[in-house]
Each structure stands twice: as C-alpha cells, then as structure tokens.
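Enquirer: Spelled out from the first residue to the last, the chains are:
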Amino acid sequence: MREISELLEEIEVLQGLEPVDRDLVAGCGVNAVFSDGDYLIREGEPATTFFAIRHGTAAVEIATRSGSPLVIETLHEGDVVGWSWLFEPHRSRFDVRAVGDLRVIAFDGACLRGKCEADHDLGFELMGRFARLICERLQTTRLRLLDVYGSPVGGAVGAGSGDP
Amino acid sequence: MTALVPAPYRVAASREETDDTQTLELVPVEGERIPYEPGQFTMIYGFGAGEVPISISGDPGVAGTLVHTVRAVGPTTEMLCSLSVGDEVGIRGPYGRGWPGPERDRDDLVLVAGGLGLAPLRPAIYRALAERERFQRLVLLYGGREPDQLLFRDELEEWADGEEIECEVIVDAAHPGWRGRVGVVPSLIERLDLDPERTTALVCGPEVMMRYAAAALLELGIAPRRLHLSMERNMRCAVGHCGHCQWGSSFICRDGPVLDWATVGPRIGVREL
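Note that the protein sequences, when read in sequence, are chains A and B.
With our numbering, you'll find the first sequence wraps up at 173, consecutive numbering, no jumps.
With our numbering, you'll find the second sequence wraps up at 280, consecutive numbering, no jumps.
Calculated from the structure, these hints are not laboratory results.
The beta-carbon is built from N, C-alpha and C at its ideal position, and this holds for glycine as well.
Partial chain B-side listing against chain A, Cβ under 8 Å, derived:
no., residue
1, 59
2, 151
3, 156
Take the sequences, apply the hints, and build the full model.
Expert: Next up, the structure:
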C-alpha cells in the first residue's frame, strides 16, 4: 500500500514539495472513502478538513430557493476540495457531495495550520500554492459569470449574426 | 450572379434541440442538394422575414438533405425555427472556407465546441469518423450553459459510449441529476495529455470562450497554424462584396469563417475591429 506522502505527487497543488515538507503535510492526512451522495463538506460548518481527490468526482453545491441544490463545480482526480480551513473564520461556504464512489486523502486542517505556524517556510509555500489554486478558480468563475452561452449573439455562424 | 440567387428547399424535418434551437433538414425542391465542406455556411432566406447566414450542421457524406441548426434570436431566425414540414425556404451557397483536414495522416484532432458552436463542428466530426483511420486520437470537448441547453444530446451519448472519439462534456451549472462535469471548457483542455507537435485543434463557440480555449491550447504547445477558429461577423452578401463582415483585411464570409490563430490572434483582442 502506498504511503500518503507518495500519493501527494498525484495531487496537482501539492506536487513537487520538498521531501521534508511533503512528509509534514502527509502527516496530517488519512485515506478516506465516500459513497455516492455522501457529503464531504456542509455549508456553514467549521472547516476542519480538506480533501485531495484520488479517484472519483465531488460536486460543489449551493442550496437554492427551489430546494433543489445547484451544482456550481465538479472536482476530479488530482483536485483539492476546500480551502476554508486555511482562512479565518474557518467555515465552509458550500456543500460538497460525492458523485459516485469517491476516494480521497482527508487532511486535518488544524493540524496543518499548526505546522504552518511552526514552520513559516512551509506556511509560505502552502499559502502560495493555495493562492494559485484560488486564482485559477476565480478565473473560471469570472468566465462563467459572463454567461457566454446565454448571449443571443456570438459564437458560431447561425447564432444570430445579421438577425438582431 | 447565380451565387446570389436562392434555390428553393423544402423542410423535410424539424427537430427541437433546446427551447430556442431547431435543427432543420432541408431537401431541394428540384435537383441535387448542394455539395459542401464541413465548416461552410449557407444564406437561408425565410420568405417574407429575411436572410441569415447559418452554418451547415449535417453529415457531408449523407446525400439528399441539407441540415442546419438555428437558434431563434431575431425575427428571421424565429421564423425559421417555427417552420413546419413542407414549408419552403431559399438557400444560396455554400460559402466560405471550412475546417481544414489533418496536416499529416495519423495526427490527433481536437475539436472544442461551446454552446451552438457544436453545430458547425458536427460535419467535421462526421467527416473525421468516416475517415477514422486518418487520425490517431479524436477528441471532442463540448461546453454548454446547462445540460438541457446542449445540442445533439443523443449523439453526444453515443460518441461518449463508443471508442471512436473521446468525448467530454462540461456545463456552467447543473442540478444534481447531472453526472457529468461542471466548469469551463479551458479546464478540460488543461487536462489533455497530447502531443502538440501532431495535434490540430478546431474551435467554435462564443468568441470569449474561443479566446480562453485558444489560450489553453497554445499553452499546451499547439502551433498557431494548427489552431483553427470559426469566426462570426455580420455577414450579408456572403461573397465578399458588401463589406459588412470585414475584419481587418479579411472578409469573414469569403476568407473565413474558419481562420487560423496566426490570422485571428493579432486581431481578436483589438476592440476597434
């Protein structure tokens, strides 16, 4: 069975850590399994844990007035789920649910924050990596805010060119 | 000037793709249907309503019918979407330069579509599937607003279930019944594991989406000359005379609609064009 520290190389945001840092991060992680429909994270609850997906899909959801949640993003193999553990007030902002069987590494956020406090080089390294991840997701969010597919004009020939 | 004279076609079938988009199967009232290349378009005249450029979305290998997928966004396209079997329209064309074939045999072909952009790419998919041995990998990445806004859903399922083409679909948002991906098309491109030296990419969709998709494809190392986009501008005459669709030194109707990134790249970010 592979060690958690080895598995970190399959997680994009944690790839290429110095061996000593990798071991420190791995020390806060355990393997976990979720079944279809299980919640990994619930909105409003303390963000004590974050997850790295080894296999499967997780859906980030938000409750809507109709009662039916809206899936706003899916995360897949190699992705990290959750960064609220890193930032005050350490509360989750969305629900995250397993879509099918899901295998993850579950990291104890408080454990890792403590290690970052004790070792600021590690803290700086992780903060930079998670900042990059947040930037990437902000970019995709901005792109979706444009609602490019909903625009009446634009796109292929036939999307309404010449028919205002 | 036969290029400007519409030929009568009759609606043989009309299928609802989404709440505002229909696929029309047209047959010529007389003679054979026009031959065309994937990526070309025609001018469709809705009698009494007006004329609009619409990409051909059918299989170029199937004789007899001419297929167009139309979104109702104005009076003419609304009229076209409301046509019934037996109604007639005028067709002139085909016009423009379509999708290129592979630069070399056994290259990989990546098709990136957004929204209605799958319609002009569908003939290229049919052609590539008919000539499957000419390609190593065939990859279709398709993004849409919501699952029920996706075009050609039966075919997407068929392609995804088969082994001829790798098919990934992603939507901006979905309800929990959706088992596919939620996010944006560039995120699919970033995950592609391909050899850029032997990959040709065809991209069609809203211009903003194409800009981001092109950036992601270039980031993978695909050469600008192997990256092709279908552009849309205000086409009227479709033969490069009226100038409505002039874009820099190109007329989209005549020199496009498919242009490579070497041509598109320097212009796409220029607001004045």
